[in-house]
Amino acid sequence: MNDAATPTPTGRPAGTPSHPLGDAWRTLRRRPDTIIATVVLLVFAVMAAFPRLFTTTSPRTCPIREARTDPQGWGGEHPLGTDSLGCDVLATMVHGVRPSLLLALVVVGVSLAIGVTLGLLAGYYLGWVDYLVSRTVEVFLVIPLLLAALLVLSLFKGIDLGAGTFDVILLPAVVLILFGWMPYARYVRASTLEAKNLDYVTAARSLGASDLRIMVRHVLPNAIGTVTALLPTSVAGVISAEAVLSFLGIGVRPPATSWGIQIEQGSQWVLGGAPHILLAPLICLVATVLALVVLGDALRDALDPRLTA
Amino acid sequence: MGRYILRRVLQAVGTLLLVMLLLHLLTTVAIQLNGNPAQAFFGDKVPTPAQVAAVEQRFNLDDPCFDQVGNPCLGPFVERLGQYAQGDFGTNLRGREVSDIVATAAPNTIRLFCVVLVTWLALGMVLGSVAARWRGSPSDHGIRLTSVLIDAFPVFVLLIVYRYVVAVPLNGWAERTFGENSWPPYWFKPSFDPEHPWATVLVPGILLGLAGSAAFIRLVRAGQLESYQGDHVRTARSKGLGERHVVVHHVVRNSSVPVVTAVGLTFTEALGGAVITEGLMNIYGMGGVLWGAVRDDDVGLVLGIVTLLAAVTVVVMIVVDIAYALLDPRIRYE
Amino acid sequence: MSAVTRPVPNGASGSAPGSAPSSALLEVTDLTVEFRTPGGPVRAVDRLSYRVEAGRTLAIVGESGSGKSVSSLAVLGLLPDTARVTHGSVRLAGTDLLGLSRKEHRARCGDQVAMVFQDALAALNPVHTVGYQLTEALRGRRGMSRADARKRAVELLDLVKVPNARARVKEYPHQFSGGMRQRVMIASALAMDPDVLIADEPTTALDVTVQAQVLRLLAEIQAERQMGLVLITHDLGVVAGVADDVTVMYAGTAVEQAPVAPVYTTPAHPYTRALLRSIPSASGAGRLSVIPGRPPSPGAMPAGCPFHPRCDAVRDVCRTDVPPAAVPAEDRMSACHFAADIMAGREPAPDDKDTGGHDD
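Chains as they are written, first to last, in full-length UniProt numbering: chain A, 1 to 309; chain B, 1 to 334; chain C, 1 to 360.
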């Protein structure tokens, strides 16, 4: 594949023109697997933004007499068939992308912001700030993410939040953020501790640079590498966690659809002669996760050359 | 060493108290916003106020603070701690003691975790060591590709595919080939059988272990690569020690330190995985009970189990810390 | 070029006049080590030859990157995967180690030739006790019992003068001070009574006072056991009191080889001369001179003499011709076109067509 064919970057510069990220980006561009992964993710991103490009059928028109129609191929009325209620599988799948992706991005974005801030403060100031942050991290780490999500979401199951784009993902987002920010805080704290004693940071401090300036300009770029490599895998983690929660009926709220809900319905009919209801969303889920994992793996390589072959 | 352990244990008790407080606060807010979970006890029936009051009392929900949004309800929290201390973790909606449920469910979860741990260590140590030993070779690249693929299939997906697509035909095939009462059909039974707990837990356990093994493979590989490049390995070789001795006592031994830490961190993840595994495969373990409780809206049971599992996690973390100190003298003598 | 051969080891013998060549414990001939790099193979050691006899100390002196450590790793067969010996031989008690299988080569390490590494904190394993590391090879290779091993470990620590040896064998390397740790490192190399000991900058990481103690200890043990000692250092200053012979390395090649005394009085290579001038003297008289520039990177060797860009006696011929190994006096070798002039303390004649009278 040619570099010219490379789609616009997913590894956005994020306002930090530090060299490690630039180098990483140059390395990534040359690997066909990352290019394919990026294309896959772009397709799903477009699907999330403009579902009508992929299907004109509404996921909510479900004539029950057409239930469990087999896939009819591209051009048919139901290219991927219909599910047990007669809803179009393709339409459900396409419309299910948006909540999943949005949830993943929101969760990872906010957790990252919280984790980076707390980790930076803890590592930089140490003392009671560090004690507070470290203990909090410890407390939240003791409750596994999924268990916490199960508990909180079942606690708050009855609360009605509305059906807006953000409303349907609000609760899972809050829970996954609440129990998902700790890894970032730990990584950032560790690299802050490391960076703090580097000569150029000491030099900057002795020249009278403010704490904020030192943190943002000198310490943070040092930490950003490890954390960036975590991001794709974290997004993948949130997407699969959402699928599990939706499978249990406590993830994305109806009327929104999601792959998890679809997988739950589909799993009943695999042996009943309609495996496509399960396979369509499952394949999409695996494709997304695989693309993200490949990207994460490549990023880890590019940012941490010590571990590469 | 003794003081180190004592300090860690005290710290852990503090953490556990904070965790319980956190869980309590979450529950309290939920009840305050959400209305009284005692309602769930009655399902679709409309209870009389007296009935509701009775249930509220039974679940310790009769305190008026539960109706005041923002009240942290510390009174009931202290009361609950007292009950926990006496081994009383409450009851489920049908009145069965949580401790009783756990007593029957825990052995199956322990079985599952045994299988998981063996899978982790076997896959992680073997594949990771091979990849590190022959770094850059085709087997290294193959192992690396495998670990990426493993990561791409979350436990959830693996189990769904296994249970709904693979298990039934496989089970039928095994029955035809080996006879109905032999072992293989049990291995591939799509759901748990309390009569044959080990056999029916085996495949789900391997799948759950497989899902977590990618991180292990990577970690073992990275740890051993670092060791291989270490000066102390060169020293050992300069003494004329055989390569096998060097690998065992200087490479694997030294890289065991990060691996043990990883067991601790991956454990919490595996607990989440165990809930999915037991839930999907109908294994009557802690996770299975939790899965069921979520589906039945049995908030009391969910809270009890999550609290218990948090306690288990704390214990595992202490054990990991002690193992860490035993493995790395630099920590021990700090 | 005229009939100049490399004098070491078979021509004029490198040291101990009159001794037969076969008496050398360790004899390195034309050793060449190359590293694989993305830019093609790079030569880290280029036709290095030296010999060490029982009871004598050879100092290999050079800046970092001059190939002195790589050459000793090659002797022990411990080169990293990216490096390999492309030429030459390493004879240990008459056997060419490089011709042996990896396993046989390894079996001679520790036993016949042992090595003391530079940074003892990194070179000792942090997770094993000092006692374990001292006798690991004895237990693993000679089947020594646990009790005997413990006794031997205490003896070894006593030998290197670590106080309170009986208690300290149970401790871990991080519990030792830098100097004590280096003593442990030396003791572990001595565990199997090697005939030859290679010490790679054994004192670099230590305080000056501790440096002297450790060097004295090494010299004592060497004299007592009649070992051959190869002392690798970047500091010509520490060599004087300890070594019998000196090999000065620059950019992977030996530029001067001689017994220790004349090197200090009449260096025969401009590089050696410059190194001597950069040693601070106790009298503090005169300005301390530095060698201008930096050693060439092995990937970008200058044409002609590798030292010519930094040489204060450079002539035209140095820029084009690699200097042959000259023998300006008995037992001496200098890879300089003007070895005789330099040794005599003269500046070489100004440029003309003559390449200098260095033939005999």
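If you're looking for bench data, these hints aren't it; they were derived computationally from the structure.
Backbone N, C-alpha and C define an ideal beta-carbon position, used for all residues, glycine too.
Hints may contain errors.
As the list claims (entries may be wrong) - Some chain B residues well away from chain A (every beta-carbon gap over 10 Å; in silico): (1) A30; (2) P64; (3) N71; (4) P72; (5) L74; (6) G82; (7) R111; (8) V115; (9) A152; (10) E180; (11) G242; (12) V247; (13) G272; (14) N282; (15) L290; (16) A323.
What the hints assert, rightly or not - Which stretches of chain C does chain B cover? Using the computed rule of at least three CB atoms under 8 Å from a CB of chain B, they are: (17) 113 to 121; (18) 134 to 141; (19) 159 to 165.
Go through the numbered hints given earlier and state which of them the structure violates, listing their numbers in rising order. Numbers 1, 9, 13, 15 and 19 - these are the hints that the structure violates, sorted from lowest upward.
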